[in-house]
Amino acid sequence: MLRFIARRLLFLLFLLFGVALFVFILSHLVPSDPVAANLSQSALNNPEIVAAFKEKWGLDQSLFSQLLLYFQHLLTGDLGTSIRTGRPVFDDLMQFFPATLELSIVAMVIALVLGILFGTISAIFRNKAIDHIIRTVSISGVSIPSFWFALIMLNIFSSVLGITPGPGRIDTRTTTPEGGTGLLLLDSFISGNFQLFSDVAMHLILPGTVLGFFTMGLIARQTRSNLLEVLSMDYVRTARSKGLKESAIIVKHAISNAMIPVITVAGIGFCNLLGGMVLVENIFAWPGIGQYAYLSAVSLDFPAICGVSLLIAFIYVVINLLIDILYGVIDPRVRYE
Amino acid sequence: MRKFSSFISQKGFLFKLGLFICAFWIIVVIFAPLIATHSTTAQELSIRYQQPSFSHFFGTDELGRDVFSRVMYGSRISLSAGIITVIIAFSFGIFFGGIAGYKGGKVDEVMMRFSELIMAFPPLILAMVIAAALGPSIINSVIAMAIIWWPNYARLMRSLVISLKESEYVTASRVMGASHIRVLFLEILPNSFGPLLVMATLDLGNAILMFSGLSFLGLGTQPPTPEWGSMVSDGAKVIQNWWVSTFPGLAIFSISIGANFVGDGLRDFLDPKLQKE
Amino acid sequence: MMKKISLLSILLVLVLSLFACSNNGEKTNESGGTSNTDTIVIGVASDWKTLDPARAYEVFGNLYFYATYENLYTLEGSELIPKPALAKEYTVDESGLVYTFKLEEGRKFSSGNAVTAEDVVFSFNRTINLKDNASALAKGVVKVEALDDKTVVVNLKEKDASFLSKLTSNAFAVVDSKVVKEQGGSDAEDASTTDAATTHLDGTSAGSGPYVLKKWTPNTEMVLEKNPYYTGTVNASKIIIKEIPDPNTQIQALEKGEIDVALSVGPDQVKNIKEGGNSKVVSSPTSTLSFLLMNNSTEIGKEMSDPLVQQAVRYALDYKGFQQLAGDGALLPMSFVQDGFVGAKSRSDNYQNLEKAKELMKKAGYEKGFTVPLTAANYDSEGLSWVTIAEKVKEDLAKININVEIQTGDIGVVIEDYRNGKTPFLVMHWSPDYYDLSNQLAFIPGDIVGKRANWEPSANAKLVSLSEQAKVEIDDTKRAEISGKMQEIIAENSPYAFLVQHPKSFAVGVNLEGVTYNDLYKLRLNELKLSK
Amino acid sequence: MLQNNTNSIATVSNDTGTENILEVSHLKKTFHIKSPDGKKGLLRAVDDVSFTIKKGETFSLVGESGCGKSTLGRTLLGLYTPDQGSEILFNGEDITNFSKSKRKNFAKKAQLIFQDPSACLNPRRTIKQILLEPFKIHKIQNGEAKIKELMDMVGLASRFLDRFPHEMSGGQKQRVGIARALALNPELIVCDEPVSALDVSIQAQVINLLEDLQKQLNLTYLFISHDLSVVHHISDRVAVMYLGKIVELTTRDELYEKTQHPYTKSLLSSVPDISDEHREKIILTGDVPSPSNPPAGCRFHTRCPVAMDICKTKEPDFIQTGSKHFASCHLHIK
Amino acid sequence: MTLLKVEDLTIKFKSRQGVVKAVDNLNFELAQGSSLGIVGESGSGKSVTSLTIMGLLQNANTEITGNIDFDGLDLLKLSPNEMRKIRGNSISMIFQEPMTSLNPLHTCGKQIMEPILIHQKEVSKQEAKKHAIELLRMVGIPSPEQRFHEYPHQMSGGMRQRIMIAIALACNTKLLIADEPTTALDVTIQAQILDLMNSLKKKRDMSIIMITHDLGVVKEMCEKVVVMYTGQIVEKSPTELVFADPLHPYTKGLLNAIPKISNKVERLEAIEGTVPDALNMPSGCSFHPRCKYATEKCTLEVPTLFQLEDGREVKCFIYDGSEKGDDVNAAK
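Chains A, B, C, D and E, in that order, are what the protein sequence lines are.
One point on numbering: in UniProt numbering, the residue at position 123 of the first sequence is 123, and numbering is uninterrupted.
One point on numbering: in UniProt numbering, the residue at position 258 of the second sequence is 258, and numbering is uninterrupted.
One point on numbering: in UniProt numbering, the residue at position 280 of the third sequence is 280, and numbering is uninterrupted.
One point on numbering: in UniProt numbering, the residue at position 303 of the fourth sequence is 303, and numbering is uninterrupted.
One point on numbering: in UniProt numbering, the residue at position 332 of the fifth sequence is 332, and numbering is uninterrupted.
It is worth saying that the hints were derived from the structure and are not from the lab.
Keep in mind it's a predicted model, so treat the numbers as computed, not measured.
Just so it is clear, CB atoms sit at the ideal spot from N, CA and C, and this is done for glycine as well.
Do not take every clue at face value.
Stated by the list, open to error - Okay, the calculated bits of chain A under chain B, using three or more residues with CB under 8 Å as the criterion:
1. 7-19
2. 301-314
Said to hold, decoys possible - Restraint-style ranges between C-beta atoms, simulated for each label pair:
3. B:Leu270 x A:Val318: 33 to 43 Å
4. E:Glu134 x D:Gln84: 50 to 60 Å
5. D:Ala157 x E:Leu300: 19 to 29 Å
6. A:Lys54 x B:Ile27: 54 to 64 Å
7. E:Lys264 x D:Thr81: 35 to 45 Å
8. C:Lys345 x B:Ile27: 50 to 60 Å
Just chain A, with the same shape it has in the complex:
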């Protein structure tokens, strides 16, 4: 087990190095100069200001030494400073990431609960009307453009029907509490502020559903096909020959076996959720990593892009590690000694 984790961590290092290098090369291929992008018109006319700016950001050095410098800083855990926001990238990430994480987790819970439920019903009633309806819904999930879906849902549920609150993480007339984990649901729960807890939960429901819809589709689809496969397995026949009820067969024997590939899909889905925030955070005024990534990407803010990419690559590896460990928990055949 330790050996296994050690190997994964080694791979993580390689991965992070690769990601950083890739982003660095990419962002320096671009014919754009952060100087022009970040100084005002009048400031640009002042060589003194330009020189001071270049010196501050190390832009007066050669590309290679910029790269070296960047990696040196990376090794000490310094992700550099964002050119666009002028703040340390690490601080930026710490500020924006919890919002995204919280939303992703809620979306994931919604996706898992509904996806597994739908997939199971669909497999049990294979080729019945309910199966077709569920499949249509789950395929809609993976086919609907999230940005469009978000727009429409926000308009319908918030504006027209007024069921859900509007944009943001909390009621606009209150302010985000300081400190804690930044996961407001958790923080408010711990501090016992249930008014805030329900406010936060209400604000999470709509974006969580919109985001989770895609992953829900993936999971439902995967659950259905796995369950169908598992139900044709010999050990399900064995279970039947023991006299188990059909429902007990599904719950005790089929679902757990069908879940193994679903876990992988769920893991990929979670990573996609984090990366796919870009399209909907804007609409829900969600102060998360997606917005940050988008603004960094279009303004070619190299340290910030790299920071976001490293963070997501890191999570990718961690999620994969968790998935592997979860495999071990569920499936005794892949326990790592």
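Once you have looked at the hints, place chains B, C, D and E on chain A.
Same frame as chain A, now just chains B, C, D and E:
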């Protein structure tokens, strides 16, 4: 009600529906000039933001252009971008994955680590960076998406090659003295086509979605080219004029769901385990 | 596995029950919110990068700085003429280079410290020496001294008719020098490397304005509370500024009563605000001017560098159309001087003339037309997208056989080529740093914008000499005359086509009073008031 | 140990008169295996095996699953590269260091018949395409005519040519497999469990076909099977394998009548036979140990009913125990 | 005492290509404590029969007629819920593939306890565990307390088949159906399993239906044999007689086609041709295209199952005593 449920529970209904949707859009792509009622670019500021009516089926947009005609013509851009992306990713992926799977060992290890590196990137952000770096255009978006997409094919191809290269008919071919190239291209490739095709079909929907996403963010096509994603983006600013974003959004949704229905149906058809009654 | 499933179902129940209970919670919350007339919530899509007045230059900067800091001179209402603020009065010597300011008595910073001449000197020097964006405005200042506690003397390098205008910007906001020094601030020559107060200023304000910054989370929210030492009017004791990037979402939130001001919205969005609802539209002119730049260098601009083509473009454009797109209140200035500036003139009503344009094209030898790339950033001027402008330009120029190919890009990427004078043809806007004709002189050949169009001073010596006069002429009537002459020349012969002067349209709750829009600082937050 | 074995090679192949088509000495094949957590291990599928096959005979390899018999057969055909020090002489030439062209040529002389007739035929090809493949690979003209001949030879009507494998029964598919193996006129055919996937009534047809073809074409068979009855019927000589090693090698009759190795004895007694003869059953206890971690000493000692102390520590040599009889068991070492 | 009596059992599958008779008019009975072998090649309907007795063959496209009388109950008339209470309780089944027949995610012990906990509600978990360990010991698994907590993948094929037997015997099994229980196992392991089954049968006085294609296994295990071909019984007789004096040409052919260690023949006598396609059955006797003795009558008429004097039954015109018409009793 019973009739309805028996009708839709007929085997492969969703597959047929998917085929129908795809066929519909292909017809639209081909006959767009005949279907479109107006020019896609002609502006008429006096009729900005007109509601859908008989003269403008889907209403008009910010510059008084006919949304219906733009949606119809938009199918050309979206479909071709999606298809080209998938073709590039598909070709490169099976080439890469084929070699990795067939060679095995260190070569495989290195190649797969590389593909994992690409996969560890958040796809949309990577596409955004690439598209932003290369400058927004259809071709650059397609390149960006293909860069993100190929590892999926490579990994699938690799796993197929690994399982097929141990299959008995491949062994038979090798016993007969067939070269590696012959084995890879004539024995393994044709037999791995099924799952790859399913993946490609399902991916077509995804590619169209992502392309429209990039366009939505202003990284896809250049205006005034009618493209669905950027049309949704235009309409998103004025959601009260719902028709501007709703129709192109529905178009993306329908083509994507069509491709997914077809892909799902194909998978069911090709997967003997799911075929079993 | 059973356990996991039951765990999931418990979670599901939890989520569902939240739905139920939080509905109740919301109601009480809402009633609590509306009754609280002390708090005003503003929805914006700001561009704040820093809240250090000596560094910031962002569009929304002064919305914050006017709420938390004060300057020697300030703007009031929707007018652009400097009025005394911290300064009681000023005198200028005969050379026009030495300004002496007398400070008001009894002004205090939010820390309780009195505002002194020392603070002014420190603030000005800090701005100059930080060598950041804001420093550009202080370029002409040679020396700042405190004669006594309440007297400040500023020495300029050369005569500057716009100096008072410049003083109204955040570059000259007066900071609490004691607090800033305590936090590592410096006004020394080497401040650009030694100053460390920005982090502090990003979290707390150190000014004498009506509010104190309680909290700023970039891209999320800002919280302002009343400055107890401020003696003027402060209606709302608390201001919350929420970042809502999508304009449409802002409108929705406003209509639901979740926010009181939807500031970052455009003409098309406010048009859809329901009449008789709980929100109303506010429109006001701005000094933002959008224009087309046609590069004068034959190498870069190709066909566009031909003065005949440039004039043809000016004749071909449908200005009325742009006016319509820009929304109610849009103006069509004759050329580079906006309405509200000294000597500003309007474009004649029937300026567009396709026949003339075609003739010019023929004369230039391009009867059959040509293809030219038009660069447009994904950016907007007061809610009108540059890309939309480009699409309209494309349509208009097609009528004189110029085939425009639009190329979009991020503003940061586009602006670089623009600033280096490398774009043949592009959509840009001009939003003045301070409200004086001098700021507009950037369009003169050889000046900032002129250079970007590769418009050499030699190209129009008359314009250059007129501009020299405009810079130093303090007499308003004479200045207006010079301004008019320059406008006429540029309207007929320049590498620019000025399109439209944008209005600002935004929406506020019906019960919000005291809404006066000013191009520099947008809104005076302390004047906003919620009626019952 | 090595000397001993060299010695036994000489004796194994001392049978003069007919020519040896295949001489195998010290053949080893090790696989590198990897557990899911990345731990590496070695699996000695074939561990130091030596034997010879004479022209025209049927030499059988018998053993339970996992004993390495299939690996051995496939290594002989060059499908796996044997470990260093292994020697496989085919008509006197060492195939382990063949060049590319020689290897291709070798393919014409040695062929393989598979266990699963459904798996060994490419499902996307017609029978015609499948049978034409060898001719295409070796660029031999006139393939179409030869196919007809082959179909005749294996007793299939030519109407089957346009069918796909899934449209045929197991027996018919196996005939196609045999036809394909015969296409290039091989000298040696490795039959890897050719009848175990077939129904009983079809099994006999295929066995008869194989025997007929052998006579007709003067083929040499290496017959790999776990079915002792079939092996008994078809073989001239038999080698019994256990965990990667040959434990007993002799002529068919000697093996069944004068069984020496306790493993062979128990194997023979375990076969449920339909003849009336009443035999005493030796039921072995326990399972076959894992080939990646074989027991020390004699590999069979964990299950051997007559194991002695020496068996646990010392591996018995593979020695000649009779005129045509070889075994590796401490009971037979004098 | 008769435990199981199958009467006129016919099973039809409906598919798009047509209706297939998987089992055609099947009749046999089984006394308590005795064993019956059902022998046939693939497609002969033997597995379908066993699944039907277990009540595991129910779907919309299957039509089952006839009676299956088990211990006084007509199994085909029971509701699914009633059938469930019998399944795994008084009738159990073991399958061909021990590698895939166990749930890979549950410990062996848990899988053995499962039928006990379903069918014997009064038994506590603790007792069930004790009983399961007892069962493990009974099927000859060493150190059962430890093996109880192990997973199927940690065991060999033979061990897993023992676990399957333990599961099958967990309750009061009266009838054990074994569907090719040793086909996937090596000979030495096969011998162990057959030995175990024989001893358990004696110990628990239960009946066994052994379904196999291997005549050798039948010879060792069964008292009576039913030989099936294309869904029909072609011969039914006590085991010794089948091997000593097979009646039906198909049985004869099968016995001759198998190589025997004890008497070496030069050439095997194969049954020519292939099993006919279920959708395209030959007219008359379904075996006639492959039969050496076939006459014209065989191509036209379907023979019935003739009962011989010694109680054997065979489905072939050779034994119908053509001179004496349909007088079955007088045959031979």
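How the hints compare with the structure:
no., hint, in the structure
1, 7-19, "holds (count 5)"
2, 301-314, "holds (count 5)"
3, B:Leu270 x A:Val318: 33 to 43 Å, "holds (35 Å)"
4, E:Glu134 x D:Gln84: 50 to 60 Å, "holds (53 Å)"
5, D:Ala157 x E:Leu300: 19 to 29 Å, "holds (26 Å)"
6, A:Lys54 x B:Ile27: 54 to 64 Å, "holds (57 Å)"
7, E:Lys264 x D:Thr81: 35 to 45 Å, "holds (39 Å)"
8, C:Lys345 x B:Ile27: 50 to 60 Å, "holds (56 Å)"
Figure legend: structure checked against the earlier numbered hints; every hint is met.
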